[in-house]
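Student: Below, each chain spelled out in residue letters.
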Amino acid sequence: MEFVISLAIGVMAGAGVWLVLRPRTFQVLIGLSLLSYAVNLFIFSVGSLAIDKAPIVKPGLAANLLNYSDPLPQSLVLTAIVIGFATTALFLVLLLALRGLSGGDHVDGEEEKH
Amino acid sequence: MSLLLLLLIPFIGSAFAAQLPTSARNLASSCAALVAIAVIVPLTLLYPEISAGNVVTERRTWIPSLGLDIVVRIDGFAWMFAMLVSCMGLLVIIYARYYLSPQDPATRFYSLLLGFMGAMLGVVVSGNLIQLVLFWELTSIFSFLLIGYWYHRKDARAGARMAFTVTATGGLALLGGVLLLGHIVGSFELDVVLAAGDVVRAHPLYPLTLGLILLGALTKSAQFPFHFWLPHAMAAPTPVSAYLHSATMVKAGVFLLARLWPVLSGTEEWFWIVGGAGVITLLMGSYVAMFQNDLKGLLAYSTISHLGLITLLLGLNSKLAAVAAVFHMMNHATFKASLFMSVGIIDHETGTRDMRRLDDLFRIMPITGTLAIVACGAMAGVPMLNGFLSKEMFFAETVFVSSHPWVENLLPLAATLAAVFAVVYSLRFGHDVFFGPPARDLPRQPHEPTYWMRVPVELLVLVCLVVGVLPAWSVGALLAIAADPVVGGNLPEYSLAVWHGFNAPLVMSLVAMVIGTVIYVVFAMRFKQRRGPGVPLLQSWNGKRLFDRSLAAITRLARRQQRTLGTNRLQSQLLWILLITAATATASTLIVPLEWGDRERVAVTPEFILLWLIGAACAIGAAWQAKFHRLAALTLLSVVGLAVCITFAWLSAPDLALTQLAVEVVTVVLFLLGLRWLPKRVEQDEPALSLRVQWRRRRDFILALLIGTGLAALSYALLTRNAPLSISPFFLEHALPEGGGTNVVNVMLVDFRAFDTLGEITVLGIVGLAVFALLRRFRPPREAINIPDQQNATADKVGHDLTRQADPSKALPAYLVVPAVLTRLLLPVAGVFAFYLYLRGHNEPGGGFVAGLVLSIAYLAQYIVSGTHWVEARLKLNPKRWIALGLLIALCTGLGSLLLDYPFLTTHTAHVTLPVLDEIHLPSAAFFDLGVFMVVVGATLLLLTSLAHQSLRAQRQSASTDESNTAKNTVNNTTPTEAEGSNHRWNS
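Chains Y and F supply the protein sequences, listed in that same order.
Numbering follows my numbering, with no gaps: position 90 of the first sequence is 90.
Numbering follows my numbering, with no gaps: position 648 of the second sequence is 648.
Hints are computed from structural coordinates only; laboratory data are not their basis.
Heads up, the beta-carbon is just placed ideally off N, CA and C, and yes, glycines get one too.
Heads up, a few of these hints could be off.
To be verified - Which stretches of chain F does chain Y cover? Using the computed rule of at least three CB atoms under 8 Å from a CB of chain Y, they are:
| hint | segment |
| --- | --- |
| 1 | 574-584 |
| 2 | 631-637 |
Said to hold, decoys possible - Short, incomplete list of chain F residues facing chain Y, as computed with Cβ under 10 Å:
| hint | residue |
| --- | --- |
| 3 | Arg-777 |
| 4 | Leu-944 |
| 5 | Ala-948 |
To be verified - Pair by pair, the computed Cβ-Cβ distance ranges are:
| hint | chain 1 | residue 1 | chain 2 | residue 2 | range |
| --- | --- | --- | --- | --- | --- |
| 6 | Y | Gly-109 | F | Thr-605 | 47 to 53 Å |
| 7 | F | Ser-572 | Y | Asp-52 | 43 to 49 Å |
| 8 | F | Asn-878 | Y | Leu-101 | 37 to 43 Å |
Okay, chain Y solo, but in the shape it has when bound (with noise of 0.2 Å):
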């Protein structure tokens, strides 16, 4: 399991930090997501791989880290999901604005000069 996850992280930032350096804007929006999906795996694993531990506490099985996965980055991860939707919603905005303003979908407001 950890080996699959770790490769998955691997995969997803790789593929994410190729697009956010290309140069359409387009590009950079969906090599963020990609880069916030790893980066929130990432910390959603931090804590621990369990299977059928969701934190949701049952009367009569201690409150412990061996009876529960860890709720820590769960919580830290719920709150960057719907912020990465917010700043994600921003992103194609401020690059639909851009288009409008030059005409083109270049991240730098204009194409490369030769």
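Position chain F against the provided structure of chain Y, taking the given hints into account.
Tutor: Just chain F, lined up with the frame of chain Y:
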């Protein structure tokens, strides 16, 4: 009366005066005068207590975590200065009423003057060094604003900027010095610091502390080499020069030196730096003053030299000298302010301040002349006037100084020389201006000023005389209580008398008088005939030029660095961010090696491997397709999102899975809405770029590969090592007993970390509003305005959002009827489901975030299927109000706990028993979660609907373009201007 209130009064008055009508000269001045009196009276009432040697303090908690209080602390010295500030303020306020012309915006003047008075009072009565620095900077700001009062004048703007740059830079240094001092002593309280002199002087950081504090004090008091700003500050109105730049603000520097005298003085460093700066300033200031043609310039340099004298006295490390310094501060304030005011009168009456043009004014203005001549006498140190007394004390100190032999010999000489210069420039003012042949080319026909303009001068000159004739009777007690705290409580023996017998100081005075008069008599005509502003021997040394040059050099340096180190290109910025992050992360493996641990592994299943095979393939596919096939890339991206979502569900994070799923839906809708406005891509790179582009792609590919591998390795290491102790068990243990909920993640969000969540929903709301605002000004590109072909392909007979209806009155068969009915049926169901998710959130997976997203998705579905017009004609959603209400509810829930004396956002759980529903579990966090829910609904809807509205606007736009075209074609048009107007708005 509360001392804090006393400190606040000027600021309240300042705010009040700013509200008055611009030209309400009488109202503003009488209001300001009342404020000054309201400060003077309570201060006067404090006299009995202060004179008994007590220190009056009052404190209010400021930043308890740093141990900082706002302390008003008035001892004898602070009291004397506070009286000086407020009384001088009152006189200046009266004087300025007659000085300002009716065209000047009087309310701004008085508002700033009162603000300055408050700031200066704050400096002198601060019992806390940080607070002192704060007020200190405030005086710099008010000084800047007052020098630039006539901001249409270039010299005023330049002078204001220079004064501010120099004094505020000094203030910054002072802050550093004070922080160090507080670090050494362990407290910023003045009382503690004053008692810790020995500790401070012995500390290894003492030289640095001293240097920084002196930098602040010397810049403020215009001491060499920072003196050059003061003459340029004379562009201010004369009342400001009299008040700020001679009597009070420039005294703040020497005030601070005197205030910290018991702590910092007594060392070699102090003697050489303070004394050295003082003696150079004293000589240089008085020398340059002789050659000024402008009366205010003369007074400015004279002020510099007198401040130098005070600094020198403080630098001599002798208690008697410190007493003399305090005495001279008082004396200088009285005679110099009266001289400035006299200059103001002369300027006001004759229209010029140029001494070469002014002559024989005594005949025309005998009263003003007498007053000015007496004040000049005090400035020159003529017996029977107050300046003489402190000057004698100064001479005595220079004679009795004990230091290196050559200092002992040279210092009295330097003092006498400065006194000679002082006699010369005083004579230039007192004799040259008022006597001589009648002036011919005065801009205005002068006469005596109005009575009230002269009153402040008369009062000040009266003080000079009374103190000069009867010093012990008039000022003895005041000097004793003011000087006592400066020397640390042990006042040395001194005698305030006009006649001390025939001794060395008297000889020095007489010598200075005689030589000065001789020089004046010999050179008077030469002074008068000088054309240029230069000063003999010092021509090449020009502080202003140096200042300007260094400023220009700094600006150039900054620009060059920006050019070489900075870039406007996003790609290189991102590249550097990534490179530095990667390098830092790699470097950290040198400290903690990257190696796998032996934590118990979780068994992997083939299904999970398959899931991520698909996920990884899609991630790579998205990266590959994002340039030319945006829709494909978006689809692939959402598959990756689903894989993440399934992983969350798999690995015991139901809340995350729910939220991720809902967010996935809105993200896809969002992207789809945005896709419409992006330009078409042509699958061809420009040949000229291709080489560079190929190189860049290779580089980025390698970087992506490295970062991906690195992150994978890091993550694997983290996952296999044994985790150290974390704070998580606390949350698990306390969620049910103290948070009152079994879903730990939700309890953390709305209870343990509720403040954080409050911040996050605020960000969400801000983003929603920012997007809304950005899109209001959005200009769709020209080629995107027309309706896409796909939408035109729908049959003509059906009506939907995106086609313009030829005849709105005729109802057309609707578009996508069956899905529309189903979606509408779904709305109440989705509403109930969202409510269910919200309610169970505290104990089961769910909560405000996901509930809000579900409800927004239900609304969005209506938009998608039925069209914007249809939905908005039937539903009044108003997402902005949802955001506002949600934030309000969340905030009020948090504040509720404050009312019950619990920390912000403390949760209380109530258990209510209802007849049918049985026991209900009702935590106050539920209300907080309701706020979260509403903000999420509002923000999501606002984001997506404002984007959706763009299509409608673009369509309206294309319609109006059509209309305007037809209007242009047909000659008798009806609404061309309107159409063109809107056309212009969108297309230009």
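Student: Indicate, hint by hint, whether the structure satisfies it.
Tutor: For each hint, the structure was consulted:
Requiring three or more residues with a Cβ within less than 8 Å of a Cβ of chain Y, the coverage given for the segment 574-584 of chain F holds, as 3 such residues are present. For the segment 631-637 of chain F, the stated coverage by chain Y is satisfied: 3 residues place a CB nearer than 8 Å to a CB of that chain, which reaches the threshold of 3. Hint status for Arg-777 (chain F) relative to chain Y: holds, with the closest Cβ pair at about 8 Å, below 10 Å. Because the beta carbon of Leu-944 (chain F) sits about 8 Å from the nearest beta carbon in chain Y, less than 10 Å, this interface hint is met.
Hint status for Ala-948 (chain F): violated, given a least beta-carbon distance of 12 Å to chain Y, over 10 Å. In this structure the hint that Gly-109 (chain Y) and Thr-605 (chain F) lie 47 to 53 Å apart at CB holds, the actual value being about 48 Å. The given range of 43 to 49 Å is respected by Ser-572 (chain F) and Asp-52 (chain Y), whose C-beta atoms sit roughly 48 Å from each other. In this structure the hint that Asn-878 (chain F) and Leu-101 (chain Y) lie 37 to 43 Å apart at CB is violated, the actual value being about 29 Å.
The earlier numbered hints that this structure contradicts are 5 and 8.
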